[in-house]
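So in the numbering used here, spot 58 of the sequence shown is number 58, and the numbers just go up one at a time.
Nothing false has been slipped in among the hints.
Taking CB as the label site, the calculated pair distances span:
(1) K76 to D38: 30 to 38 Å
(2) G11 to N45: 13 to 21 Å
(3) M77 to K42: 33 to 41 Å
(4) S80 to G11: 28 to 36 Å
(5) R83 to N22: 30 to 38 Å
(6) E66 to T27: 15 to 23 Å
(7) M77 to F18: 29 to 37 Å
Below, computed lysine-lysine pairings styled on DSBU-like, alpha-carbon distance capped at 30 Å:
(8) K47 to K82
(9) K82 to K34
(10) K19 to K76
(11) K34 to K76
(12) K76 to K48
(13) K34 to K19
(14) K47 to K76
(15) K47 to K19
(16) K42 to K19
(17) K48 to K19
(18) K82 to K48
(19) K34 to K47
(20) K48 to K34
Hints are computed from structural coordinates only; laboratory data are not their basis. Backbone N, C-alpha and C fix where the C-beta goes; we use that ideal spot for every residue, glycine too.
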Amino acid sequence: MPMVGHIAQTGQIVATDFKAGNVSPNTDNLGFIKTCQDALPKGTNIKKLRIDAAGYQASIIDYCFENDIEFSIRAKMCQSLKRYSCR
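Using the sequences provided together with the hints, build the complete structure.
The structure is reproduced here in structure tokens:
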């Protein structure tokens with residue numbers, strides 16, 4: 001399943017990851033986010049992140065909070081998610 005990191009305002013592609021067909025879509029999404037960050041010009045940081053349900057992972061949520069990244073992750077509402085959505 002392909003992943004594409006791009007700049008929303010311009011559509012410019014920052015990074016891509018083409019996984020084999022038997023690899024789970026939630027494999028190493030945080031690594032991909034970091035790859036996108038590393039591909040940006042020095043002094044430029046990711047400010048907002050939008051990712052589908054495969055990105056609903058504690059490591060990604062924690063990374064966003066630690067790096068002041070506003071984020072939107074598609075997921076079914078549950079108790080653990082409510083804890084984060086109220087911050």
